[in-house]
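The listed protein sequences derive, respectively, from chains V and E. Under the working numbering, the first residue of the first sequence carries the number 266, and numbering increases by one thereafter. Under the working numbering, the first residue of the second sequence carries the number 707, and numbering increases by one thereafter.
This list has only true hints and no planted wrong ones.
Straight-line distance between alpha carbons at most 27 Å, and here's what the computed BS3-like set of lysine-lysine pairs gives: (1) E:K809 x V:K716; (2) V:K716 x V:K830; (3) V:K683 x V:K778; (4) V:K779 x V:K329; (5) V:K683 x V:K329; (6) V:K316 x V:K329; (7) E:K809 x V:K830; (8) V:K716 x E:K785; (9) E:K785 x V:K480; (10) V:K778 x V:K676; (11) V:K683 x V:K779; (12) V:K779 x V:K676.
These aren't lab readings, by the way, just hints derived from the structure by calculation.
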Amino acid sequence: MTLQGWLLILAFVGLLLALTKPMGLWLHALYEGRRTPLHGVLGPIERGFYKVSGVDPTEEMGWKRYAVHMLVFNAVLMLFTYAVLRLQAVLPLNPNAFAALPQHLAANTAISFTTNTNWQSYSGESTMSNLSQMLGLTIHNFMSAATGIALAFAFFRGFARRESRTIGNFWADCTRITLYLLLPISIVYALYLVASGVPQTLAGSVDVTTLEGAKQTLILGPVASQEAIKMLGTNGGGFFNANSAHPFENPSAATNFVQMISIFLIGFGLTWTFGKAVGNTRQGWAILSAMIMIFLVGVAVCYWQEASGNPIVHHLGVVGANMEGKEVRFGAAASALFAAVTTAASCGAVNAMHDSFTALGGMIPLINIQLGEVVVGGVGAGVYGFLLFAILAVFVAGLMVGRTPEYVGKKIEGREVKLAVLAIAVLPLIILGFTAVSAVVGAGLAGPLNKGPHGFTEILYAFTSAVGNNGSAFAGLTASTPYYDSMLGVAMWIGRFFIIVPMLAIAGSLAAKKYTPETAGSFPTTGVLWVGLLVGIVLILGGLTFLPSLALGPIADHLAMIAGKTF
Amino acid sequence: MSNDITASLRPALVMTGLFAALLGIGYPLAMTGIAQALFPHQANGSLVVENGRPIGSELIGQGFASPRYFHPRPSAAGKGYDGTASSGSNFGPTSQPLVDRIKGDIANLKPAAAGRPIPADLVTASASGLDPDISPAAALYQVAQIARVRGIPEARLTQLVNASVETPMLPFLGDPHVNVFSLNRQLDALAAPIEH
Numbered sequence: 266m267t268l269q270g271w272l273l274i275l276a277f278v279g280l281l282l283a284l285t286k287p288m289g290l291w292l293h294a295l296y297e298g299r300r301t302p303l304h305g306v307l308g309p310i311e312r313g314f315y316k317v318s319g320v321d322p323t324e325e326m327g328w329k330r331y332a333v334h335m336l337v338f339n340a341v342l343m344l345f346t347y348a349v350l351r352l353q354a355v356l357p358l359n360p361n362a363f364a365a366l367p368q369h370l371a372a373n374t375a376i377s378f379t380t381n382t383n384w385q386s387y388s389g390e391s392t393m394s395n396l397s398q399m400l401g402l403t404i405h406n407f408m409s410a411a412t413g414i415a416l417a418f419a420f421f422r423g424f425a426r427r428e429s430r431t432i433g434n435f436w437a438d439c440t441r442i443t444l445y446l447l448l449p450i451s452i453v454y455a456l457y458l459v460a461s462g463v464p465q466t467l468a469g470s471v472d473v474t475t476l477e478g479a480k481q482t483l484i485l486g487p488v489a490s491q492e493a494i495k496m497l498g499t500n501g502g503g504f505f506n507a508n509s510a511h512p513f514e515n516p517s518a519a520t521n522f523v524q525m526i527s528i529f530l531i532g533f534g535l536t537w538t539f540g541k542a543v544g545n546t547r548q549g550w551a552i553l554s555a556m557i558m559i560f561l562v563g564v565a566v567c568y569w570q571e572a573s574g575n576p577i578v579h580h581l582g583v584v585g586a587n588m589e590g591k592e593v594r595f596g597a598a599a600s601a602l603f604a605a606v607t608t609a610a611s612c613g614a615v616n617a618m619h620d621s622f623t624a625l626g627g628m629i630p631l632i633n634i635q636l637g638e639v640v641v642g643g644v645g646a647g648v649y650g651f652l653l654f655a656i657l658a659v660f661v662a663g664l665m666v667g668r669t670p671e672y673v674g675k676k677i678e679g680r681e682v683k684l685a686v687l688a689i690a691v692l693p694l695i696i697l698g699f700t701a702v703s704a705v706v707g708a709g710l711a712g713p714l715n716k717g718p719h720g721f722t723e724i725l726y727a728f729t730s731a732v733g734n735n736g737s738a739f740a741g742l743t744a745s746t747p748y749y750d751s752m753l754g755v756a757m758w759i760g761r762f763f764i765i766v767p768m769l770a771i772a773g774s775l776a777a778k779k780y781t782p783e784t785a786g787s788f789p790t791t792g793v794l795w796v797g798l799l800v801g802i803v804l805i806l807g808g809l810t811f812l813p814s815l816a817l818g819p820i821a822d823h824l825a826m827i828a829g830k831t832f
Numbered sequence: 707m708s709n710d711i712t713a714s715l716r717p718a719l720v721m722t723g724l725f726a727a728l729l730g731i732g733y734p735l736a737m738t739g740i741a742q743a744l745f746p747h748q749a750n751g752s753l754v755v756e757n758g759r760p761i762g763s764e765l766i767g768q769g770f771a772s773p774r775y776f777h778p779r780p781s782a783a784g785k786g787y788d789g790t791a792s793s794g795s796n797f798g799p800t801s802q803p804l805v806d807r808i809k810g811d812i813a814n815l816k817p818a819a820a821g822r823p824i825p826a827d828l829v830t831a832s833a834s835g836l837d838p839d840i841s842p843a844a845a846l847y848q849v850a851q852i853a854r855v856r857g858i859p860e861a862r863l864t865q866l867v868n869a870s871v872e873t874p875m876l877p878f879l880g881d882p883h884v885n886v887f888s889l890n891r892q893l894d895a896l897a898a899p900i901e902h
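Just need the whole structure built from these sequences, with the hints factored in.
Structure follows, in structure tokens:
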């Protein structure tokens with residue numbers, strides 16, 4: 266570990282903290298539907314969209330209607346992408362003449378991008394035409410992110426509104442977030458990436474003759490436009506198989522830093538927006554503090570392990586950090602930080618291969634996802650996931666002192682707690698259940714590349730990533746089989762929507778409640794005690810369930826590694 | 707509930723079409739147009755052209771096998787530095803195939819600088835399989851071997867390597883590195899007067 270490495274981590278968190286309030290303010294304007302400076306330019310597009318689709322943006326929706334419109338829209342988007350991928354061979358902009366995707370792969374990919382997972386069972390540069398990348402996939406990078414943020418807005422309204430039957434308008438939320446937030450940032454961001462070396466062309470490839478006279482084919486395409494929203498929207502689905510490790514996606518240490526910042530930017534801002542929405546920005550800073558504490562512990566462990574290197578490799582006469590699966594221009598610190606960021610958020614883009622991390626270094630990304638990706642989390646999904654833990658935390662605190670729990674002016678009662686438990690229990694149930702099945706059936710066991718405990722970790726990581734809607738992988742696992750495509754597809758769908766529906770039900774239930782003013786007897790939800798309680802609840806409820814599976818996978822792998830045992 | 711579903715169909719279908727046109731077609735095409743106008747070099751792959759022919763990209767690593775050149779890192783992209791198949795090895799930390807591969811690569815290095823500690827990046831596969839860079843230590847490790855084959859003084863090559871080290875704008879953002887393609891082109895330029 267070096268001073269420079271720690272400086273990187275400090276600069277990263279420091280810059281994000283400085284950007285939290287400006288981003289939060291912008292999001293709050295969209296949350297309230299206020300006019301922004303961009304309305305002058307994009308306002309006509311917004312109004313046009315409503316007009317053509319017959320949407321009245323002022324119509325208020327109850328939680329059920331909000332949920333139905335969101336679900337139907339996502340289903341249509343998913344079918345649209347399925348169709349684009351199945352028809353790829355006959356559609357235009359296919360310069361490398363790729364065939365249509367088989368059914369299981371097209372379905373898996375359509376679900377994957379709809380659910381903001383961006384799990385990729387395929388290798389982009391040898392599977393997807395330029396049209397599929399643009400029309401089939403980039404659109405989801407916007408819409409799944411907009412859906413996530415819209416849902417967070419709806420959840421905030423549940424806390425903020427008093428005796429109300431409604432939580433906003435899905436179409437207005439979704440359209441405004443896309444037009445006034447995601448699209449403008451993506452345009453500037455994509456241009457920065459192109460200037461830094463990321464290709465943006467409709468050409469398919471170019472052949473070069475290398476210095477030694479060999480032929481090398483370089484795949485090109487509209488990379489920058491997809492890369493920008495892939496990071497900003499915490500989607501993570503790369504244009505190329507190697508994702509943000511590919512020099513065409515992430516050419517330099519500077520672009521790498523910007524990519525990491527852009528993964529967390531909206532997630533940080535949303536915590537401030539939440540505080541503002543419930544009338545006390547300290548509420549937002551409190552949950553952000555808890556998130557950052559958990560995040561920093563993970564980063565420190567991961568960086569320490571990766572910088573220390575692999576003793577089995579050192580034994581062969583090699584010195585230095587664990588560089589297997591890492592790029593030299595990033596090095597150990599920027600690779601470990603990226604791994605922690607992409608899994609704390611539900612991004613799933615990678616700039617290094619998590620499969621080749623040291624055992625404990627690779628366990629950190631796994632744990633980050635298993636905690637429910639509530640440490641900052643995916644755009645929208647992170648903050649509403651964290652608020653579900655906050656509901657449980659006030660419930661636990663209420664049990665300890667014998668009072669009806671309250672949170673930001675709302676009484677938390679049996680219905681909310683039950684729904685929150687339902688949403689949170691989905692994650693371990695599906696991850697551990699599907700992993701267990703795959704660890705015994707033949708089609709599951711055919712997947713792993715590595716043998717021994719590391720092979721088990723590859724399976725565990727795949728289902729963790731799918732249910733958590735992350736999309737990163739221990740990529741040694743061969744997942745483009747009908748078995749894994751189907752199992753992971755189901756896991757992604759459940760992981761997204763089986764949490765969203767109970768969450769919206771809580772929002773509806775809270776919105777209908779009266780405001781309960783804070784009294785001397787209320788448990789304060791802004792101080793150090795509260796932050797500590799939140800961290801504890803997230804670790805115990807989110808993490809403890811997975812401890813036995815971690816013992817079988819990464820911990821056993823670590824013990825083998827220090828004992829010099831190979832498989 | 708069923709009323710809600712019926713009512714949601716029109717906006718869902720129409721919005722899908724509108725957003726597809728705006729985000730799936732309009733946005734990438736507009737970005738392509740602007741990128742091609744403002745940054746044509748980068749937008750088309752940062753190609754290096756010599757005598758009218760592209761000989762590589764500044765950003766993408768090439769495989770070098772000849773003892774006359776600095777060697778890049780082992781690559782898991784296809785059969786090595788295959789631009790159509792970016793990939794890491796995905797070998798875990800306790801993988802026997804990883805140990806076997808590293809042993810093989812070390813055996814190939816041995817004549818170069820027997821007994822010296824080997825910089826990790828020189829015998830490990832990168833994440834993309836297309837890593838254009840090696841660490842300064844990995845470049846210096848190869849200097850003695852190349853000096854012997856090319857008949858260039860070691861001090862001259864060390865100087866060349868040191869002059870080729872790139873550091874990020876803010877040094878803590880990433881590690882110092884040497885672009886192997888660019889280094890080898892300079893190496894050829896250095897040797898050229900002797901060949902005349």
